[in-house]
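S.K.: Here are the chains, one letter per residue:
2 protein chains.
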Amino acid sequence: MTPFDELMAFQRETEALAAIAGRLGWDQETVMPRGAAAQRGEEMAAIEGVLHARRSDPRLGDWLAAAEAPDAAGAAQLREIARAHARARKVPARLAQRLAQVTSQAQGTWAEARAAEDFAAFRPVLEEVVALKREEAGALAEGTGRDAYDALLDDYEPGLTGAEIARMFDAMRPRLTALRAAIFERAEPAALSGDFDTGRQMDLAREMATTFGYDWGRGRLDKAVHPFCEGSGADVRITTRTDPADPFNCLYSVIHEAGHAVYEQMIAPEYALTALGQGASMGVHESQSRLFENQLGRSRAFCGWLRGRMAATFPGAALPDEDAFHAAVNRVHRGHIRTESDEVQYNLHIMLRFDLERALMLGTLDVADLESAWNERFAADFGYGVDRPSNGCLQDVHWSVGLFGYFPTYALGNVYAGCLHAALRRDLPDLDAALAQGDLSPARDWLRERLQRHGRLFEPRDLITRATGDALSEEPLLSYLEAKFGALYGL
Amino acid sequence: MTPFDELMAFQRETEALAAIAGRLGWDQETVMPRGAAAQRGEEMAAIEGVLHARRSDPRLGDWLAAAEAPDAAGAAQLREIARAHARARKVPARLAQRLAQVTSQAQGTWAEARAAEDFAAFRPVLEEVVALKREEAGALAEGTGRDAYDALLDDYEPGLTGAEIARMFDAMRPRLTALRAAIFERAEPAALSGDFDTGRQMDLAREMATTFGYDWGRGRLDKAVHPFCEGSGADVRITTRTDPADPFNCLYSVIHEAGHAVYEQMIAPEYALTALGQGASMGVHESQSRLFENQLGRSRAFCGWLRGRMAATFPGAALPDEDAFHAAVNRVHRGHIRTESDEVQYNLHIMLRFDLERALMLGTLDVADLESAWNERFAADFGYGVDRPSNGCLQDVHWSVGLFGYFPTYALGNVYAGCLHAALRRDLPDLDAALAQGDLSPARDWLRERLQRHGRLFEPRDLITRATGDALSEEPLLSYLEAKFGALYGL
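Heads up: the protein sequence lines correspond to chains A and B, in order.
Mapping of the first sequence onto this note's numbering: residues 1 to 491, in sequence order.
Mapping of the second sequence onto this note's numbering: residues 492 to 982, in sequence order.
The shape of chain A in the complex, shown without the other chains (with noise of 0.2 Å):
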């Protein structure tokens, strides 16, 4: 064997080991016993505490030394593989284990304190949680010239900065703050009511999921707090919730999770188990469920298709017609909760989680204030108040596993589904059409061959701009918005 192929059988084994470590958090998110917490913190310590030392192994930087590569693939697979023996031997395996540990537990503890509307019983833990990944991300940025915060950002999209992010929010605030302003000018179109039985929504999500292309063969659709898409390969699993009132909440939830899922589905299946055989970033994975959830899926064609379904899933619901139902899907609202947001709206909830956390990490905040911090800010940009915990600080799970450094990459994923949208509509000039037959095989297609068959051959941006033709811009999402909502209030 050569020293490639000696590498490429070493990490497929660590990615058939990181693949199980996946598994064991939908495990515990899903069908987990509420009393198997504590014991789940030490297996998944211990499994991390393999990869860690997997990752970290002198023998992968013998073989990067000595290895060539075939062909560009192969140059692709020494690079990510590269960047991450390069992450682990950074991070202490003991910290890496704790963190394992600890944000394990932490999971559960925030989950009771969300129900239990209370921020002092998850305060504790999220400060242990926050004083580890400080520790994480100096250990990281050392010898880099960046800050803790971009550090951590690496782990997410790699290359980005707090500083061009700051950049980017500010040149979408001031289009998106006038935006809003002009729709709550106007009269609020009605929502949908009645009492949507949880079980046929169910049934509906599922026909959803179908639709966009989600292969049940490879996957499976649960119920969970917070909805998600975990798995790469031939076992990409999602999960929804559902509110009887808000039928709504748990479509969209699986158009988005779908989204996620049908980008794994669709990698080249010569990558599965290999560095390559997961999406290009966190920001190009959340262009796709993005795009499949509002760009197709909000749009006026396919509401029209659904408020079809709607009516043969529920007979008994009084639905408006097609028009009054796009405009109660893109409903412009007051609310908390930054997963039942609007597309308006959604940037506002990303960039106070984006100050905020990244004044954690670099020490500018303490999590002792972060509840004020976060009520303060929310307040002021969004006109009113938090009314309790679940719906202000509490409300998601990433911060409780973690996950600083990932938020801002939902709203680089509306930009990138900004500049993919333009480019769809120029080259499928019918799409409309086949939306509104509930057709999404043309942007299928066009995705997968574009963009979602290379996995991370190649880095996330030069991958988006591949897939277009065009400059990477925030302008094509900003133009979306204004003649979207544009046109559905009048303005």
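Just so you know, the hints here were simulated from the structure itself, not pulled from any lab data.
Cβ atoms here follow ideal geometry from the backbone N, Cα and C, with glycine treated the same way.
A few of these clues could be false.
Stated by the list, open to error - Stretch by stretch, here's where chain A covers chain B in the computed footprint (C-beta under 8 Å, at least three residues):
hint, region
1, 538-549
2, 625-635
3, 699-711
4, 743-754
Said to hold, decoys possible - If you want the footprint, here are the derived chain A segments under chain B, 3+ residues with CB under 8 Å:
hint, region
5, 43-52
6, 206-213
Fit chain B to the given chain A structure using the hints.
M.R.: Then chain B, alone, in the frame of chain A:
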């Protein structure tokens, strides 16, 4: 840290990783998407590779040589770790990984072949499993003076030999066949008839698990092709299956699996994630599930109570009176399926499998001849033929996952259960009064105190004789069966 403490810390991580591998097995049998089988095979191989490397780690030899046990439990920890270490060093890592991969795939192939009634579709992969197990058995037996089959038995019932089992079976066979012959001269009692909603079956099954002491905070119940119990410590899961025509299939499977699960849940918490934190052996494990299912769950006293719960759960069902209900539960009937067999004939099913698998391992039977060997032997032992493979040699999952040497521990479990039941009746004269009210707590408390809490502290047969105060013998089981079925059939 002392060598003993270092060894315990290392072992704790190994146990956590072993728990993860077990959890993957649960996932595969209950929730895994069909298309994930091949990838899961690689995942299982990777984690088995990690476990094998840890169990054969040369540092273990050093620690074992230097460690001083602080107490009897510590000495038992060293004994169990040394046993696993010796085993792991005998089996090459490549063979262990290959076995994990092949059996993971074979399990899926078995399920498909069973559904298609096609032994030929299963044969090639079973041949591969058998060849790998022979290779493993040969490696394990080397230098021990034991044969290949005995070497495999050691994994499930330390110290037991095929010759001892054959002697025990020889002693049991004539009395069991005589009992069966006498029973079949009498009229067969009526089976339950009706259509029993499977959802309500699951509700009642959950109630039974609760009644028998299953802790839902540390477990869950799902459906699977073949009922099983998986896990230890804080996460012990059980499965069952449902048949609308036969609620006893579901109910007694759950009582049986709850017997395994409660055993694991009752082990002293300080043994969790250590080498003592599991049942003492497969035979001892089976004694707990058999006691729950048969000696307690199929007793006249408990059946009277269960009939009331059935009547409340299935209001429309035409249930016979308590005596006839008890007779229906204990009906000795013609049938092909081991797991649906009665207490009298069950051991005959085991004897058949024991002889065939022993011959497969000793090389005196080929997989090509397995189906005809099974069918001939079945006709000879049971008096009628096998009608289709799913009623014959495709009915059990065990061989597909490489479990050779496991089957006889079911019969040994029956013998242990016979001994424990005699001691239980001696110590708890009011047991029937409690069972008649669905109160299992006196029996559970006795079992926990005398046996379950000890985990692997004692060697299996030592544990049973300590619990009962009597020498081990098949006599109590045979006397119990002759008395019970003698009364039921008026012999």
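S.K.: Work down the list of hints and note, for each, if the structure agrees.
M.R.: Hints, one by one, checked against the model:
{"no.": "1", "hint": "538-549", "verdict": "holds (count 3)"}
{"no.": "2", "hint": "625-635", "verdict": "violated (count 0)"}
{"no.": "3", "hint": "699-711", "verdict": "holds (count 6)"}
{"no.": "4", "hint": "743-754", "verdict": "violated (count 0)"}
{"no.": "5", "hint": "43-52", "verdict": "holds (count 6)"}
{"no.": "6", "hint": "206-213", "verdict": "violated (count 0)"}
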